[in-house]
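Chemist: Chains A and B, in that order, give the protein sequences.
The numbering used here numbers the first residue of the first sequence as 52 and each following residue consecutively.
The numbering used here numbers the first residue of the second sequence as 20 and each following residue consecutively.
Heads up, some of the hints might be wrong.
[Claimed, not checked] Computed, partial: chain B to chain A, Cβ under 7 Å:
#1 Ser81
#2 Thr82
#3 Ser157
#4 Glu213
#5 Cys216
#6 Thr217
#7 Pro266
#8 Ile268
#9 Thr269
#10 Glu270
#11 Asn273
#12 Gly276
#13 Gly277
#14 Asp438
#15 Ala447
#16 Lys475
[Unchecked claim] To give an idea of the chain A side of the interface with chain B (calculated C-beta under 7 Å), a few residues:
#17 Gly93
#18 Ala98
#19 Lys103
#20 Gly105
#21 Thr108
#22 Thr150
#23 Gly151
#24 Gln152
#25 Tyr224
#26 Gly233
#27 Arg327
#28 Arg336
[Claimed, not checked] Here are the simulated SDA-like cross-link-like pairs (lysine to any residue), alpha carbons at most 25 Å apart as the crow flies:
#29 B/Lys475 to B/Thr408
#30 B/Lys477 to A/Asp111
#31 A/Lys121 to B/Glu170
#32 A/Lys121 to B/Glu214
#33 B/Lys70 to A/Leu162
#34 B/Lys70 to A/Val315
#35 B/Lys70 to A/Phe212
#36 B/Lys477 to A/Ala120
#37 B/Lys475 to A/Asp125
#38 B/Lys70 to B/Thr217
#39 B/Lys477 to B/Ser448
#40 B/Lys241 to A/Asn236
These aren't lab readings, by the way, just hints derived from the structure by calculation.
Each residue gets a CB set at the ideal place from its N, CA and C atoms; glycine is no exception.
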Amino acid sequence: MRRPFTGWRSALAFLAPKVFQFAFVIWATYTVTFLLLNLLPGDPLIAALSVKGGDATPTDPEALRELRAKYGLDGSLWERYAVNGLAALRGDLGVSIATGQDVGDMIGRALPNTAVVALLALALGVVVSIVITYFAYVAKWKWVRNTLLQIPPFGVAVPAFFSGLVLVSVFAYGLGILPSSGSRNPLSVVLPAVTLSLPVGAIFFQVFSAAVLEARASSYVFTAVAKGLSERVVFLRHVFRNALLPSVTILGLLIGYLAGGTAVVESVFSRDGIGRLVVDAVLARDANVVLGVVIVVSVVYSVVNLLVDLSYGLIDPRTRPKAARRAVQDARDKAVVEA
Amino acid sequence: MSSSRMRWALAPIAAVGVISMLAACASGDSGDTADSGDMTSARDTLIFAIKEDPTCIDPQQSTITTSLNIGRQVVDSLVDQDPETGEIVPWLATEFTSSDDLTSYTFTLRDDVTFSDDTALTPEVVKANFDALFALSSTASLASQYLAGYESTEVVDDSTVTVNFSAPNVQFLQGASTMTLGLVSEASTAASAEERCTVGVIGSGPFVFDSYTPNDSVVITKRAGYDFASELRGHQGEALVDTIEFPIITENGNRTGGLESGEYDIIQDLPYADEARFDTDDFRLYSKANTGVPTGLIPNIDHSPVVADEAVRKALILGTDRDEIKELTAAAAANPATSALTSSTTGFVSQEDALAYDPDAAEELLEDAGWTLGSDGVREKDGQKLTFTVTAFYAQDVLEVAQMQLKDIGVDMQINITDAGGFFGAIASGDYDFLSAGLTRTDPDALRTLFSQAAKSKWAIIDDAELEALLTEQASTSDVDARMELIAEAQALIIENADFVPLVETIQLHASGASIEGITFDSASRINLYDVRATS
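Construct all of the structure, not just a fragment, from the sequences and the given hints.
Modeler: See below:
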């Protein structure tokens, strides 16, 4: 409050490069995807037409010329790059050639399905990781700790195709307590989320448990133990917070992994979602849909990583910009005085 | 490469094939629907798991089987076709005639038919349908083939309508029995192509579209007051179940597992490998060969001197063993491919003798034509290797068996598996030695669609004036018997001149629980669910 101008300016200095980075990632993703789609051999128009046309897909050059004009595929590469890019900036992602549907609508329909599975998987993976790490931390015997710490490589090594099918066999076909596939039943989100949580949780676990074990050997934990604090209190109050910083970084990166992972899980469980959408669109060379999904996913990815960057300051005051740190210090001083 | 080693390698696979075939034979005739005669359903809702997103639920526009299987339930057609005899019978039209030169067709409409938006079926609506469909052009690619040469639809009087073509159109009447030319209400003809794809169309059929969530499901519900079924159906009046849900289950294992656990009542496309597992008293299997041209090698003689050599193409016919291909790759219920038309197509005449496997004769033919065996086991002539590429987007296993068989006679067949876009792109640019695919059409005019050099839709690039003349003549022959004779001649000629190397007939194979009755195939091997019901 006393130095609003300085605070504003330093916040800008803190945020500006991050926002620039944010914009750059989205632009670069769009450009690379656009070029890749256009450099691929083959005719995107015919690929898209064959989705609906089956064995009656038109191959007559004259009919193809008319359709090319109709779908705006007859301009030069740079024209289409500019037109598509500007339209995307306005929020218009165009129309799918294969399905004739609005790309924005298609993504809007698929995104919530994917988000539910991804968030549930992430929450499940993180909670289970923390619980297992806690038990490994407080374990009295070394072999128990080592066994618990060996779980994550297993989660990473088993492909989702396999774990998914095993889960379906047991819980859907065997016990009959959960639906196997589709999304007609609200419970159908459970098995895909559990499947996806295995690799996601395992990656988080590796980073988190390594940080916890590192903290365990540090001097402040030694001090805390010497003070007579219980292991649980040491873990929750001291170790946990310090181990959180690298773990939050990996959370941001996991969003990218989740986007890819849902493609596999959505195929195994025959669910609608961003992953399936993009797989189908790539097969149909449906450029507008692929570009639309890539733009949306890169925005989500960038936003999450921006939030992760900003959360560092909350978790660890040492990483805050100077002004903010001072504000914290002021607040502490005030608190001390008031106390 | 020693052929004996190859045979040893194949032995276990062949054994499995033979055993599963015997098992299938032993357990009786699959695919028969034993009607109990009771025309009520024990359950109101049936779940029918489909294998892919229908993408576009308008049966007039879409050509993919999944979409047509659903669309059939929503639209009725002017005429129906008996899948057994091929006879065209009345449906929404009580009478139909064609001009002798097949350039005009006249239909007399039933006077009591309404669409599900309560508008009546009138000659004007028929005209609006064909006008709108023709205007869609290649957006409705199959319909535009059925309407080739469309000129106009004339409203003759209150119940009569005449469809005119600028040139003979022999496949129109059979096309008019399919869901592709099924009739929609005037409001649907006015809607945009995209809207019709996503929202669906308003038909006069026994079911109406309730919802379509792309990549997730389609739901259709019974139409109250429906009473326009053709005489080929098992009952009259309303459909027997209230709701049919079609969840889109792309993973094969999920569909079969869900059928076993009772999650689904009916599943589309049972994998052939699972056929034996479901051939029990607890399930019913439904199989029918696609009509039209079977999967086989389609030549482009302009692309390669090897393909242009008739001796080579004839050797390919003699050097491929269709019985073995069928045993290794096709459903137990399938027939080996024995002509340029499939065994389920009207006018099919088996060319079994000309297609008999005879590798010795094939080798002799190649030797005589100057193709001598090189040191690497591949024949060559004047420095040119006997090699070519087959472009395909499905049935890789079929091609791999053919590849092994041809290797025995010194032919090097390369397989280029691409996606549908790559396949049709190759046709558009003419860049292929051979294509491998089948063409699903109800009418034997499929031969002209694929082999006539005058057809815009052709896949084969061949030089066969006699065949061209036959295909053109059959297309303007109104006398059915005379036409079928021409079709028979064309089939013999195609094999004789090796314009096509048949490989395998594709089977539609579906399955349901034992309590489901009344699933039937129409003449295009698509499903009709009007009579479907659950007995318990």
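Chemist: Determine for every hint whether it applies to the structure shown.
Modeler: Each hint tested on the structure:
no.: 1; hint: Ser81; result: holds, 5 Å
no.: 2; hint: Thr82; result: holds, 3 Å
no.: 3; hint: Ser157; result: holds, 4 Å
no.: 4; hint: Glu213; result: holds, 4 Å
no.: 5; hint: Cys216; result: holds, 5 Å
no.: 6; hint: Thr217; result: holds, 6 Å
no.: 7; hint: Pro266; result: holds, 4 Å
no.: 8; hint: Ile268; result: holds, 4 Å
no.: 9; hint: Thr269; result: holds, 5 Å
no.: 10; hint: Glu270; result: holds, 5 Å
no.: 11; hint: Asn273; result: holds, 4 Å
no.: 12; hint: Gly276; result: holds, 5 Å
no.: 13; hint: Gly277; result: holds, 5 Å
no.: 14; hint: Asp438; result: holds, 6 Å
no.: 15; hint: Ala447; result: holds, 4 Å
no.: 16; hint: Lys475; result: holds, 4 Å
no.: 17; hint: Gly93; result: holds, 5 Å
no.: 18; hint: Ala98; result: holds, 2 Å
no.: 19; hint: Lys103; result: holds, 5 Å
no.: 20; hint: Gly105; result: holds, 3 Å
no.: 21; hint: Thr108; result: holds, 4 Å
no.: 22; hint: Thr150; result: holds, 6 Å
no.: 23; hint: Gly151; result: holds, 4 Å
no.: 24; hint: Gln152; result: holds, 6 Å
no.: 25; hint: Tyr224; result: holds, 5 Å
no.: 26; hint: Gly233; result: holds, 4 Å
no.: 27; hint: Arg327; result: holds, 6 Å
no.: 28; hint: Arg336; result: holds, 5 Å
no.: 29; hint: B/Lys475 to B/Thr408; result: holds, 24 Å
no.: 30; hint: B/Lys477 to A/Asp111; result: holds, 9 Å
no.: 31; hint: A/Lys121 to B/Glu170; result: holds, 24 Å
no.: 32; hint: A/Lys121 to B/Glu214; result: holds, 17 Å
no.: 33; hint: B/Lys70 to A/Leu162; result: holds, 22 Å
no.: 34; hint: B/Lys70 to A/Val315; result: holds, 17 Å
no.: 35; hint: B/Lys70 to A/Phe212; result: holds, 18 Å
no.: 36; hint: B/Lys477 to A/Ala120; result: holds, 23 Å
no.: 37; hint: B/Lys475 to A/Asp125; result: holds, 22 Å
no.: 38; hint: B/Lys70 to B/Thr217; result: holds, 18 Å
no.: 39; hint: B/Lys477 to B/Ser448; result: holds, 12 Å
no.: 40; hint: B/Lys241 to A/Asn236; result: holds, 23 Å
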